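Asks: So the chains spell out like this:
There are 2 protein chains.
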Amino acid sequence: MDDSTAYAAALKSALDGMAEGGIPIGASLVVDGKILATGRNQRVQQSSAIHHGETNCIENAGRQPASVYARSTIYTTLSPCFMCAGTILLYKIPRVVIGENTHFQASEDLLRSHGVEVVVLDDAETKAMFETWMDANPSLWNEDIGEED
Amino acid sequence: MDDSTAYAAALKSALDGMAEGGIPIGASLVVDGKILATGRNQRVQQSSAIHHGETNCIENAGRQPASVYARSTIYTTLSPCFMCAGTILLYKIPRVVIGENTHFQASEDLLRSHGVEVVVLDDAETKAMFETWMDANPSLWNEDIGEED
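Keeping their order, the protein sequence lines are chains R and X. Residue numbering for the first sequence follows the UniProt record's numbering, starting at 1 and increasing by one per position. Residue numbering for the second sequence follows the UniProt record's numbering, starting at 1 and increasing by one per position.
Check before you lean on any hint, since a few could be wrong.
No distinction is drawn between identical chains; accordingly, a pair holds when it is met within one copy or between any pair of copies.
[Claimed, not checked] Simulated pairs of lysine to any residue, SDA-like, Cα-Cα distance not exceeding 20 Å: (1) 12 / 60; (2) 92 / 138; (3) 92 / 35; (4) 92 / 110; (5) 92 / 108; (6) 92 / 109; (7) 92 / 148; (8) 92 / 106; (9) 127 / 46; (10) 92 / 104; (11) 127 / 19; (12) 92 / 70; (13) 92 / 147; (14) 92 / 140.
These are calculated hints, taken from the structure and not from any lab test. Predicted model only: the values in this text are computed from it and were never measured.
Let the hints inform the model, and build the full structure from the sequences given.
Replies: Here's what the structure looks like:
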């Protein structure tokens, strides 16, 4: 599966989240050329503080042995926060493909310093989608990244 | 509330987790002298890859504004993994009190490098409890920290 196809599943999950009234950040986890799981931010839908796009995706993938994570790539529409980066480091996911890092970036140096391959697609559709949402929902977005208006 | 009282709630949650057949790692979150939430690892109970003691505690605390986290201390029976440390960094929790770091330690330097105060109690009861459990459940423990037998 190429990055473009796998990333499309992450972006679709973000858009599904927006349609639900949620924060539009989505992820997909690909192992051995197949999408093992997708996920999206659940702050609104589940009133969750820990289900970001990436962590929700990893939760949806279920309990997996280390050897599965070692063969995986995680796709995410927005550059990971420290929680999601820490989850990637915990499970030693070797490769992260990011839709965009214009509207948030915290952990890319940390990931690279631990040997994770970080690819930034700089996807125009994702950037436009997220900017429109963010501008309309500043308080919700700040809450999600541990900031306050 | 002193550290000893707040820590006792984290240890109780770890012991409750063990009684449920789970991984005995617990946490408590204290804000303004009161326990806002406790939590414990849910790998077995909820088949979860992301509910560690600390993340489950933060989830149980509900959606909170940054100003609440800024006044909090998190107590945990075992030194945080990168996922839990990343969650602490995301929400800018300024102080972490750890029961023991003999059986696991990954993130204390990362936390300190971001200005988090890290206190290690080196609690004998916690160490004995966790060692007994870990020796009896090596595969489950390895799975929880992204390792494989």
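Asks: For each hint, tell me whether it holds in the structure or not.
Replies: Here is how each hint holds up against the structure:
no.: 1; hint: 12 / 60; result: within (16 Å within a copy, 29 Å between copies)
no.: 2; hint: 92 / 138; result: between (33 Å within a copy, 19 Å between copies)
no.: 3; hint: 92 / 35; result: within (18 Å within a copy, 33 Å between copies)
no.: 4; hint: 92 / 110; result: both (13 Å within a copy, 17 Å between copies)
no.: 5; hint: 92 / 108; result: both (15 Å within a copy, 18 Å between copies)
no.: 6; hint: 92 / 109; result: both (15 Å within a copy, 18 Å between copies)
no.: 7; hint: 92 / 148; result: between (32 Å within a copy, 12 Å between copies)
no.: 8; hint: 92 / 106; result: both (18 Å within a copy, 13 Å between copies)
no.: 9; hint: 127 / 46; result: neither (25 Å within a copy, 35 Å between copies)
no.: 10; hint: 92 / 104; result: between (22 Å within a copy, 16 Å between copies)
no.: 11; hint: 127 / 19; result: within (17 Å within a copy, 47 Å between copies)
no.: 12; hint: 92 / 70; result: within (6 Å within a copy, 29 Å between copies)
no.: 13; hint: 92 / 147; result: between (28 Å within a copy, 9 Å between copies)
no.: 14; hint: 92 / 140; result: between (30 Å within a copy, 17 Å between copies)
Comparing the model with each earlier hint shows a violation of hint 9 alone; every other hint is respected.
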